Amino acid sequence: MSERYSRQELFTPIGVKGQERIRNKHVLIIGAGALGTGSAENLVRAGIGSLTIVDRDYVEWSNLQRQQLFCENDAKKRLPKAIAAKNRLKLLNSDVNITSLIADVSVEELEQLIDGVDLIMDATDNFETRMIINDISQKHNIPWIYGACVGSYGISYTIIPRITPCLHCLMEDIPLGGLTCDTAGIISPVVQTVVAYQTVEALKILVEDYEALRNKIVSFDLWKNEHSAIRVAHVKKDSCLSCGTHRTYPYLSYQNRTKTAVFCGRDSVQIRPAVKTDRDLAQLEKILLAQKGEIERNPYLLSFTIGSHRLVVFKDGRAMIHGTNDISVAKSLYHRYLS
Amino acid sequence: MEIVINGEKLEIPIDVATVSELLQHYGLNQKVVIVELNNEILEKGNHQETLLSNGDRVEMVHFVGGG
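Taken in sequence, the protein lines are chains A and P. Just so you know, we're using the UniProt record's numbering here: the first sequence kicks off at 1 and counts up by one. Just so you know, we're using the UniProt record's numbering here: the second sequence kicks off at 1 and counts up by one.
It is possible that some hints are incorrect.
Quick list of in silico lysine-lysine cross-link-like pairs, DSSO-like style, CA-CA up to 27 Å [unchecked claim]:
1. P:Lys31 - A:Lys237
2. A:Lys224 - A:Lys237
3. P:Lys31 - A:Lys17
From chain P, some residues computed to sit far from chain A (all C-beta separations above 12 Å) [stated by the list, open to error]:
4. Ile12
5. Asn39
6. His62
Bear in mind the hints are in silico, worked out from the structure with no lab data behind them. Only a predicted model underlies this, so the values are computations on that prediction, with no experimental measurement involved. Where a beta carbon is used, it is the ideal one built from N, C-alpha and C, also for glycine.
Please build the complete structure, drawing on both the sequences and the hints.
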């Protein structure tokens, strides 16, 4: 198998020694959507030792245009993204130790997942989760790489605890859920460019070439042919509650109260039970058979369509209510059919 | 007035005099934005009173959430 990484080893900043370092590292990717599948493929092909990928969602047809690990069969079967991603990644490189988890990442999950992890890759679609990642990164001294995109615009920034400003320093206080949803669509070259910016920084961190890090927040618009980069080193705030002298990790405590989340641009609401349960989907199917709706089930989730709404229940008790952006409508559907 | 925005020389309308007005002009006033003026990052609180002048170099990066 020595040929496998030969081109990467010929690249001087990595070399044989760098390849060994990559081989000994563990990366955690939060999200298996567009950015997550791109980063995962790059890192698995590059020969990362261990990769953990977590996602709360399942594959839909609208994902296939840009989420590179998924195929039509995954969408037909409504496979959870974590499962579909792992299936594909194992085919790409059987040497990598791949762990996948179907879960909504919050504080509790992240505290468990972080054990032994060298780097966190952001592939989420919301700032609520990013702020939790940011606080966890500071608390456990693990770097993370922010990446995001919408339309033809993309942005990335690398956060090294104790050295660079953190996301909280740069964004200051954002109200949770206060940023409006992006509904401008997305084109795949933008995804791939953000993934490139994120994974090249990941490789630098994994081979421990910290001197080579970009040290700038970078953004671009591929359609308008614009590019911008700002050196932000001196924006690090000593008063920052996430990375400053009197840090309190505020996003690790707020989060426990959030039980519902509206999915941006998806006309969907997620409801997460206060206590995690192991839901018996077969039992639920029997109960729902008495209703007029349409039921589909795979080993990971149950989908129940009634009127213009579709309710999808995962084994961990979470439910996604499609066909509404209204949390109270979603809650009443949840209670009527699923609780 | 002519200023350089994200590396490109651009003519901006006469009614854009401050950094806040520039952000508004580009539809970025409701976003979380980092603005660098002539290699100095501006505090958010100073956007409103900071005047632009001919030949200024501005870099703007705004945060988005999708992924």
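* **Those earlier numbered hints the structure runs against, lowest number first** => As far as the earlier hints go, 2, 3, 5, 6 are violated by this structure, in ascending order.
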